[in-house]
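Going down the list, the sequences are from chains A and B.
Residues 0 to 321 in numbering that gives the first Met the number 0 are what the first sequence spells out, letter by letter.
Residues 0 to 527 in numbering that gives the first Met the number 0 are what the second sequence spells out, letter by letter.
Treat the hints as calculated values from the structure; they're not laboratory data.
A quick note: this is a predicted structure, and the numbers were derived from the prediction, not measured.
A portion of the hints provided could be inaccurate.
[Stated by the list, open to error] Derived CB-CB ranges, DEER-like: (1) B:Ala265 - A:Glu172: 35 to 43 Å; (2) A:Glu172 - B:Ala181: 24 to 32 Å; (3) B:Thr163 - A:Arg267: 51 to 59 Å; (4) B:Arg267 - A:Met0: 57 to 65 Å; (5) B:Gly249 - A:Gly37: 32 to 40 Å; (6) B:Arg170 - A:Gln258: 57 to 65 Å; (7) A:Asp191 - B:Ala362: 54 to 62 Å.
[As the list claims (entries may be wrong)] Covered stretches of chain B (chain A as the covering partner; in silico rule of three or more C-beta atoms under 8 Å from a C-beta of chain A): (8) 55-64; (9) 412-426.
[Stated by the list, open to error] If the Cβ cut is set under 8 Å, some of the chain B residues that face chain A in the computed set are: (10) Gly207; (11) Val430; (12) Gln437.
All C-beta atoms in this analysis are idealised placements derived from N, C-alpha and C, irrespective of residue type, glycine included.
This is what each chain is made of:
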Amino acid sequence: MKLALDGVGVTLDEARILEDVSVDVPTGQRLAVLGPSGSGKSTLLRVVAGLQPTTAGRVLLDDRDVTSVPPYRRGVGLVFQDAALFPHRDVAGNVGFGPKVAGLDAHARRSRVTEALELVGLAGAENRVVTTLSGGEAQRVALARSLATRPDVLLLDEPLGSLDGPLRLRLQEDLRALFERLSLTAVHVTHDVAEAFALGDRVAILREGRLAQVATPEALWARPADDWVARFLGLRNIVRHGDRATVTRPEAVRVVQGQGAVVVSVDRDGPLVRLRVRHDDGAELESVTTGTENPEPGDRVSVEVDSTGVFEVPVWQGTAPG
Amino acid sequence: MDRDRRALSVGGVATVAVPVAFLAAFFAWPLVAILERSLAGDGTVDLPHDVLTRRSTLEVAWFTLWQAVVSTALTLVAALPLAWALARFSFRGRSLVEALVLVPFVLPTVVVATAFLALLPDGVERTVWAILLAHVFFNVAIVVRIVGAFWAGLDPSLDDAAATLGASPYRRHRLVTAPLLAPAVAAAASIVFLFCFTSFGVIVVLGGIRYATLEVEIYNQAARLFDLRAAAALALLQLAAVAATVLVSGRLERRLGGARTRRGPAPRPTGRDRVRVGLAVGCSLALLALPPLALVVRSFRVADGYGLDHYASLLDETPALLVVPWHAILNSLLFAGAATAIALMVGVLAAVAVARGRRGLDALLMLPLGASAAMLGFGFLLAFDDPPLDLRSSVLIVPIAQALVAIPFVVRSLVPALRAVEARLGEAAAVLGASPWQVRREIDLPLLARPLAVAAGLAFAVALGEFGATVFIARADWPTVPVSIFRFLGRPGADNVGTAMALSVTLMILVTAVALASERSLVGRPPR
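From just these sequences and the hints, can you work out the full model?
Have a look at this one:
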């Protein structure tokens with residue numbers, strides 16, 4: 000099912016939480032909504048789910064206006080950030096909740112539960128007490144619970160936010176596989192750039208309640224809409240001049256033996272190495288490289304820049320991302 | 000959807016309207032009746048100067064104040080070590096100790112007073128110490144509950160941090176723990192003070208004719224001397240004092256928010272702490288067990304040794320009552336059952352409204368508790384003696400009064416549970432397709448079943464033991480157990496005292512059983 004937001008606005012106590020948000024999610028596609036905390040991401044999901052009344056605009060499902068349809072008649076599933084499992088029901092009771100209130104008989108309910116638990120890799124967990132689940136398991140049950148209602152659109156609110164390390168990566172992989180397999184229309188909210196790029200066919204960047212840019216991960220990385228978006232995506236070599244800014248990609252910066260600059264810091268990040276160098280005129284640049292033979296802080300070096308990795312963007316007239 | 004929403008908003012209005020209407024009819028109106036009686040001279044408004052400036056009034060006011068202050072101080076001294084032991088350490092039998100400490104709080108005042116009577120040697124003059132110690136016995140539970148819960152919630156890493164910064168245990172306590180605990184201690188103390196200030200049953204039984212609080216003096220003037228105007232004037236004074244205390248205690252309690260964190264299981268005591276914890280728990284349990292034990296022993300003591308004579312006398316007709324004593328037990332159960340039903344109906348609605356953020360209603364509902372039971376009973380007496388509502392001869396009036404006293408307990412035990420049923424769970428259910436009514440049935444109700452059982456048990460226990468209001472309004476042919484105990488104690492002769500003791504033991508067992516049963520359902524709750 001196709002989801003569309005048309006000029007959605009939410010104002011709470013005179014504070015504009017969302018303003019003029021318009022975005023389409025074609026059937027079977029995933030949209031990742033990316034933004035810093037307080038940008039209105041969760042509110043956006045609550046609007047789509049019907050939990051948050053709008054003060055402007057429309058929510059459309061397959062071109063049908065559902066703006067005033069209550070959440071329980073929308074057919075939109077929502078996976079909460081901290082799972083929000085019902086503590087008084089076991090895993091089967093949680094997953095089977097949707098089918099139950101939909102009036103399915105016990106047999107149909109059971110097969111829905113089995114199917115959903117299999118999808119999330121928790122087959123056989125029916126009788127477990129939800130308070131004994133680990134964070135990752137709870138999140139999988141929450142996902143299964145939403146899937147069991149066979150939602151037209153699935154919403155995920157930072158589903159990996161409470162997990163860490165390898166567990167987070169694994170569930171991210173599983174989610175991606177699941178999305179491909181079910182070809183679900185999904186909106187997925189996160190503040191993590193890598194997660195958004197991994198899970199979204201397209202990424203919508205939300206900034207202070209407004210959409211800053213909507214594009215595929217590739218297009219976003221290739222052409223950030225402005226210097227704020229570039230910085231938010233993790234680009235550091237940004238120099239403002241007037242209302243334009245020059246962005247130099249770190250992989251376009253090569254550090255070689257020579258003179259003219261000094262290495263300030265060397266940080267390894269997995270297979271990548273981030274070098275910070277300072278020109279003798281004071282300007283700093285970040286370089287990303289691979290390999291194990293790298294200069295050390297204090298080394299004198301010279302810097303070469305590949306001009307294909309340099310581009311200009313407009314300057315955003317607001318506060319910089321944290 | 001619109002129909003559902005409209006139905007829900009009608010429900011929303013009812014959650015406020017029903018409790019407010021109930022309070023207006025059965026609390027505000029009796030108060031108005033008291034004011035009317037005290038302020039209205041012959042068709043004019045005038046303050047009852049003469050009553051308020053009487054020497055006897057000043058003496059009663061002074062005694063009321065100082066006994067409340069001293070009782071509160073003694074309660075803190077007795078309760079803080081136990082609060083520390085229960086908050087800081089885990090040890091075998093800890094949950095049992097926690098449950099036992101709560102029992103005195105639900106015991107009826109008349110039973111506790113009778114127990115202290117049983118502790119005192121025969122013929123010894125009833126001393127003010129008995130009154131003070133009875134107050135301590137009652138209120139230890141309040142301090143342990145409020146301060147203990149707060150203490151257990153204090154982040155232990157604060158103490159650890161102070162230790163790594165070089166603070167000795169004593170300085171850590173003085174500079175870190177004590178300041179953090181101060182608001183909880185102050186809040187608990189103000190509640191204890193309020194209960195001691197409005198003490199009635201304990202003083203009526205233990206104070207004899209020498210000691211009277213304002214509350215008791217209201218009863219004496221109204222029920223013994225039939226000077227309703229003087230009683231109303233004293234009630235006015237009491238009301239002013241209580242209102243001031245409630246304001247202060249409400250403010251102190253509000254400061255208690257925040258500052259709490261969850262933490263893992265408490266450690267077992269080691270080294271010198273083992274001795275300290277043992278002493279704190281042992282002494283407290285001894286203090287709390289002694290009076291009930293003395294009561295039980297005395298109830299079996301007859302002229303020539305020990306026997307069941309006093310219990311047998313419960314089946315005999317007596318000049319002290321218009322009915323056979325065991326009928327009073329039936330009456331009590333009946334009234335308490337009706338009171339529980341009323342208290343739950345009004346209390347659940349009110350708790351829903353309070354949990355939704357109507358704090359004003361919470362304060363309003365606490366008023367009957369603060370305004371004191373005897374005053375309530377007196378107000379009933381004045382308000383419902385003529386049309387449109389002539390309830391004085393109706394049996395219903397007793398459970399209504401008892402419900403008023405029980406409602407604050409229902410609200411207080413339900414509101415945290417209602418708040419804990421997070422809105423998020425309802426939202427999760429809604430996006431899964433549950434209509435608002437299905438959310439109520441499938442999510443809210445099951446999660447509230449246990450807290451409801453606790454509230455019902457508490458209301459029943461409170462109603463069973465209610466004395467201050469009931470003694471004013473219970474019909475002579477429908478006495479409750481506390482009223483009967485009071486009547487028996489008021490008559491001369493060892494046999495009457497013995498029957499009172501037997502009735503007290505019976506009531507104590509009933510109340511304890513109800514309280515422990517409802518508390519167990521709380522204990523058995525699955526971890527969240």
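These are the hints, each one checked on the structure:
Between B:Ala265 and A:Glu172 the beta carbons are some 41 Å apart, a value that agrees with the proposed interval 35 to 43 Å. The given range of 24 to 32 Å is broken by A:Glu172 and B:Ala181, whose C-beta atoms sit roughly 52 Å from each other. For B:Thr163 and A:Arg267, the Cβ-Cβ distance of about 32 Å falls outside the hinted range of 51 to 59 Å, so the restraint is violated. In this structure the supplied range 57 to 65 Å holds for B:Arg267 paired with A:Met0, their Cβ-Cβ distance being about 58 Å.
The supplied range of 32 to 40 Å is met by B:Gly249 and A:Gly37, whose beta-carbon atoms lie about 34 Å from each other. The hint said 57 to 65 Å for the Cβ distance between B:Arg170 and A:Gln258, and at roughly 59 Å that hint holds. Separation of A:Asp191 from B:Ala362 is about 45 Å and departs from the stated range, judged on CB atoms against 54 to 62 Å. By the rule of at least three residues with a Cβ nearer than 8 Å to a Cβ of chain A, the coverage given for the stretch 55-64 of chain B is violated, with 0 such residues.
Closer than 8 Å: that is the beta-carbon criterion, and the stretch 412-426 of chain B has 4 residues meeting it against chain A, so the requirement of 3 holds. Annotation: interface hint on B:Gly207 violated; nearest CB of chain A at approximately 53 Å, more than 8 Å. Given hint, B:Val430 at the interface with chain A, holds; its Cβ is 4 Å from that chain's nearest Cβ, closer than 8 Å. The criterion of a C-beta within 8 Å of any C-beta in chain A is met by B:Gln437, whose closest approach is roughly 5 Å, and the hint holds.
In summary, the numbered hints that this structure violates are 2, 3, 7, 8, 10.
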